Each structure stands twice: as C-alpha cells, then as structure tokens.
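Novice: Place chain P on chain H using the hints.
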Amino acid sequence: MDRNEAFAKLTDNVVEVLAVEPSTVTMEANFFDDLGADSLDLVELVMALEETFNVEVGEEELKDISTVGAAFELIYAKL
Amino acid sequence: MSRHVIVTGASRGIGAAIAQHFIDLGDNVVGMSRSGTAPAGCVRSFAVDVSNSASVNEAVKASIEELGPVEVCVVNAGVTRDGLAMRMTDEQWREVMATDLDGAFYTARATMASMVRNRQGSIIFIGSISPFIGVPGQANYGAAKAGLVGLARSLAQEVASRSITVNVVAPGLIETDMTSDLGPSKDQMMALIPMGRIGQPSDIAGVVGFLASNHARYITGAVIASDGGLALGH
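If you're matching them up, the sequences are chains H and P in order. Just so it is clear: in the first sequence, position 78 is 85 by the numbering used here, and no numbers are missing. Just so it is clear: in the second sequence, position 135 is 592 by the numbering used here, and no numbers are missing.
This is chain H alone, in the form it adopts within the complex (with noise of 0.2 Å):
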C-alpha cells in the first residue's frame, strides 16, 4: 500500500471517529488540540485503525502519539 492510499484510510478513521472535516486531517494537526480528541476518543481510532489496516498497537507505542502524523508513521510502518 502506497503512503498516499494509507493516508486516505487513515484520514477515513479519523473522520468518522472524530467527527471532524477531512480538511482537518493534515500530518501536523494535533488530536487533542486541533482535533478535540480526549483519551477515549483516541482509543477508538486506535482500535478503527487496527482493523483498517489489520496491525496491532502496543499501548507503548501510542504514548508519544499526539498528531495525526505520529500516528500515521507508526501504522505505515507495520505495513
């Protein structure tokens, strides 16, 4: 899956869990304070992005997680 294709999915997961416009989905954009994510909210996306893309996050892995790009390169590197 190319970087372009993975971010789609990506951004889908986090529109729907979020409930946020897909322009708002950028690399940069930080869950809680540009996407008005809270912990739960995050736990969501994290369990729609694990059956998106079929990998698993260890709950390590998620602490450094606070923007959109974080969480893209930690899922495209499981690919």
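Be aware that one or more of the hints could be misleading.
Calculated pairs, DSSO-like style, for lysine-lysine (alpha carbon to alpha carbon, straight line, at most 27 Å) [what the hints assert, rightly or not]:
id	chain 1	residue 1	chain 2	residue 2
1	H	Lys85	H	Lys16
2	H	Lys85	H	Lys70
3	H	Lys70	H	Lys16
4	P	Lys518	H	Lys85
5	H	Lys16	P	Lys518
Since the hints were made in silico from the structure, they are not lab data. Predicted, not measured: the structure shown is a model, and the values here were computed from it.
Specialist: For chain P alone, coordinates are given in the frame of chain H:
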C-alpha cells in the same frame, strides 16, 4: 425498541431471572453461561468460560456481529468457594477471583468498545453485600465482590462522557442454588434480615432493569443494595 442485552451466568438463579426480565420487556437477550443454557426466550446463548478472556471476546464478538452494538451488559456470572481463611486453599481463592472478578473485567472490557462507539449503553455488575458487612468464610468472595465496586467506578469515569452508565447491584441473601447449601450460617443471617424474608431472584432483576432503563440515565458509579435491609447503613 429491542435492545441488545448480554447477561452472563444466565443459566440459573439471579442471572436467569435478569435475562427473563429483559426478555419480558421485548429485548434481544443473549445468555452466556458455562453450560450454554439460558432461558428459552433468549435470542442466542453461548457457552462461555468468563475466566478465559479469549472465550469472552469470541462470544461477545459473535453476538455483536449478529445483533449490533451491545446496549446493556449484565455482568452476573459468579461462584462461591466458601471456607475459613486459614484453611482456604489457593484453588478456592483463585477460582472465585477468576470467575467473579477477572471474568467481570473481561466481560465489561469486551462489551465497552461497541458501547463507546455507539455513544450509549449500560453496564451493570452484580456484586454482593458480603464485603460491606463482612461474612466469615468469604475472604475470596468478599474480596472479589468488593473489587467489582472499584472496577465499576473506574469504568464509570472512563465512559461517562459517552453517556454510558456503570453501576453495581448488591444483592443480600437470595434464594438460589448458590445459597441453598449454606447450612447454619444461613439461619443466622435470616434472623438479621429486617424485612424478615429471604430475597428472590426477581427482587434483583427489577433493580437491574431499572438501572438499564432511561429512568436511571443520570446514575453512574452507584452501588445499590437489594437486601431487605440486611446491609442497611453500610
């Protein structure tokens, strides 16, 4: 509107009465138990070992695939292995903790995700007044049932923002298979019950039904005793 209701320990006693209560309300009730038996009106029943998280996850996943998001989860499966603490075996301790506390966590965890996504739901744990009054011979049971309160309250905080309520019903002495062989201590307890009678499974089912209903939408993290006054004041 028929809700997707899961009840563990639905084969008999309080669990069966709870399942029947929701069946009578017209809900889609899924009964889970070790044997797989559940009241006839259940739309589905699963044989589940709640102390095994994989068993729980599998059953809940299948239930969700068939019936959609879980709307009510009644965590009722529980066992006793009474014995005075100094002579209680590791096994007696472990079995009760595994079914009554571990199993409760596994069940709640498995159903939470769909409730969170659906932004509604109700989780009800069936606890006991045992840890509140202290019962000799129930170090394991009391610990596990007390644990349910801590578990329920933590979960209540986690999912409150999604309008999901998490509460505990604490039955007193209820006439079921579990209490049928209590022996002399049962008579002692009966004498202490202010309302002068042993409880029936239906005395618990109605409370659970209430907590799952719209009437209780603002109640979360609560422990409601249904005990004829036995733990009154605790």
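Novice: Under the constraints set out in the numbered hints, which ones does this structure not fulfil?
Specialist: none
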